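**Q** Single-letter residue listing:
Protein chains: 2
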Amino acid sequence: MTYRNPVPTVDMIIELMDQPQRPIILIERKNSPYGWALPGGFVDYGETVETAARREAREEVNLEIELIEQFHVYSDPSRDPRKHTLSIVFIASAKGKPTPADDAKNLRIFDLWELPENLCFDHDKIIKDYLNYRYYKFRPQLLH
Amino acid sequence: MTYRNPVPTVDMIIELMDQPQRPIILIERKNSPYGWALPGGFVDYGETVETAARREAREEVNLEIELIEQFHVYSDPSRDPRKHTLSIVFIASAKGKPTPADDAKNLRIFDLWELPENLCFDHDKIIKDYLNYRYYKFRPQLLH
Numbered sequence: 000m001t002y003r004n005p006v007p008t009v010d011m012i013i014e015l016m017d018q019p020q021r022p023i024i025l026i027e028r029k030n031s032p033y034g035w036a037l038p039g040g041f042v043d044y045g046e047t048v049e050t051a052a053r054r055e056a057r058e059e060v061n062l063e064i065e066l067i068e069q070f071h072v073y074s075d076p077s078r079d080p081r082k083h084t085l086s087i088v089f090i091a092s093a094k095g096k097p098t099p100a101d102d103a104k105n106l107r108i109f110d111l112w113e114l115p116e117n118l119c120f121d122h123d124k125i126i127k128d129y130l131n132y133r134y135y136k137f138r139p140q141l142l143h
Numbered sequence: 000m001t002y003r004n005p006v007p008t009v010d011m012i013i014e015l016m017d018q019p020q021r022p023i024i025l026i027e028r029k030n031s032p033y034g035w036a037l038p039g040g041f042v043d044y045g046e047t048v049e050t051a052a053r054r055e056a057r058e059e060v061n062l063e064i065e066l067i068e069q070f071h072v073y074s075d076p077s078r079d080p081r082k083h084t085l086s087i088v089f090i091a092s093a094k095g096k097p098t099p100a101d102d103a104k105n106l107r108i109f110d111l112w113e114l115p116e117n118l119c120f121d122h123d124k125i126i127k128d129y130l131n132y133r134y135y136k137f138r139p140q141l142l143h
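Chains as they are written, first to last, in numbering that gives the first Met the number 0: chain A, 0 to 143; chain B, 0 to 143.
Bear in mind the hints are in silico, worked out from the structure with no lab data behind them. Treat the numbers as computed from the prediction; the structure is a model and nothing was measured. Be aware that a few hints might be false.
No copy labels: a pair is met if it fits in one copy or bridges any two.
Using 25 Å as the maximum straight-line C-alpha spacing, the simulated SDA-like pairs for lysine to any residue come out as follows [unchecked claim]:
1) Lys-136 to Glu-68
2) Lys-94 to Leu-141
3) Lys-124 to Tyr-44
4) Lys-127 to Gly-45
5) Lys-124 to Glu-27
6) Lys-124 to Ile-90
7) Lys-82 to Asn-61
8) Lys-94 to Leu-142
9) Lys-124 to Gly-45
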């Protein structure tokens with residue numbers, strides 16, 4: 000008998016430390032679901048979530064990131080239209096010029112006051128929570 | 000093609016609010032690996048990590064818990080001898096008398112200064128991190 004479980008992923012909010020106001024990176028996805036999203040991806044068997052976060056940043060935006068903290072775990076079953084995933088979201092920092100690769104067909108650096116809406120997955124909610132944390136130090140609420 | 004991923008679990012540090020010094024609950028496992036551990040279990044497909052934590056507390060120690068916060072995610076591939084799991088660890092509170100059930104063949108309420116060592120999985124590390132957080136507000140370090 001096999002049990003089905005949600006599939007773990009990581010997403011990274013990458014603050015660019017060598018630019019004014021520490022803007023963050025969004026990628027435009029090459030694969031479905033299409034649209035803008037935080038960089039991230041699946042956690043491989045045998046790797047830690049921290050290793051997955053650093054690897055995905057390297058693969059998708061060509062940056063070596065420094066992980067600042069585990070921000071929050073998002074696990075609403077409807078957050079990903081493909082299947083039930085949960086995401087461990089990290090806040091990270093990096094310097095230099097990101098370039099898109101792998102699952103990212105494009106990327107853009109966004110100041111916090113110009114972040115787009117209608118992102119893929121639940122990334123609108125993650126961004127909203129991040130802004131509340133960065134501006135006011137409020138932590139995301141737990142689900143009921 | 001199927002990808003293998005770590006399997007998500009939850010563990011709960013349950014502080015008993017109606018007892019002096021807010022002691023916590025450990026269970027003695029009925030199944031392998033045997034020994035003392037934090038209450039917890041696998042996250043089911045279709046349920047949030049918060050729902051899984053409340054459900055497992057109900058099933059294993061017969062308490063309705065209030066989730067205080069997501070404490071930390073532990074994902075070292077060697078943390079579970081059976082297969083690669085990751086655990087989202089919650090700090091929670093409860094009142095009343097816990098009783099063991101399901102995967103718990105026994106339980107005990109421990110004051111913080113008498114917590115046993117050689118717990119199952121990486122729960123020694125989790126307890127150590129928890130004490131550093133509860134006493135000093137230090138957060139667990141990220142893995143390299």
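**Q** Next step is simple, just say for each hint if it's right about the structure.
**A** Do the hints match the structure? See the list:
In this assembly of identical chains, the alpha carbons of Lys-136 and Glu-68 lie at most 25 Å apart whether taken from the same copy (13 Å) or from different copies (15 Å). Taking the shortest alpha-carbon separations for Lys-94 and Leu-141, only the inter-copy value of 20 Å comes in at or below 25 Å, while the best intra-copy value is 32 Å. Proximity of Lys-124 and Tyr-44 under a CA criterion of 25 Å is satisfied inter-copy only: 21 Å between copies versus 27 Å inside one chain copy. Proximity of Lys-127 and Gly-45 under a CA criterion of 25 Å is satisfied inter-copy only: 24 Å between copies versus 32 Å inside one chain copy.
Taking the shortest alpha-carbon separations for Lys-124 and Glu-27, only the intra-copy value of 17 Å comes in at or below 25 Å, while the best inter-copy value is 39 Å. In the homo-oligomer, the alpha carbons of Lys-124 and Ile-90 lie at most 25 Å apart both inside one protomer (15 Å) and across protomers (23 Å), since each shortest distance falls under that limit. With identical chains, the CA atoms of Lys-82 and Asn-61 are never at most 25 Å apart, being 27 Å at best within one copy and 31 Å at best between copies. Only between protomers do Lys-94 and Leu-142 lie at most 25 Å apart by alpha-carbon distance; the minimum there is 21 Å, versus 34 Å within a single protomer.
In this assembly of identical chains, the alpha carbons of Lys-124 and Gly-45 lie at most 25 Å apart only when taken from different copies (19 Å versus 29 Å within one copy).
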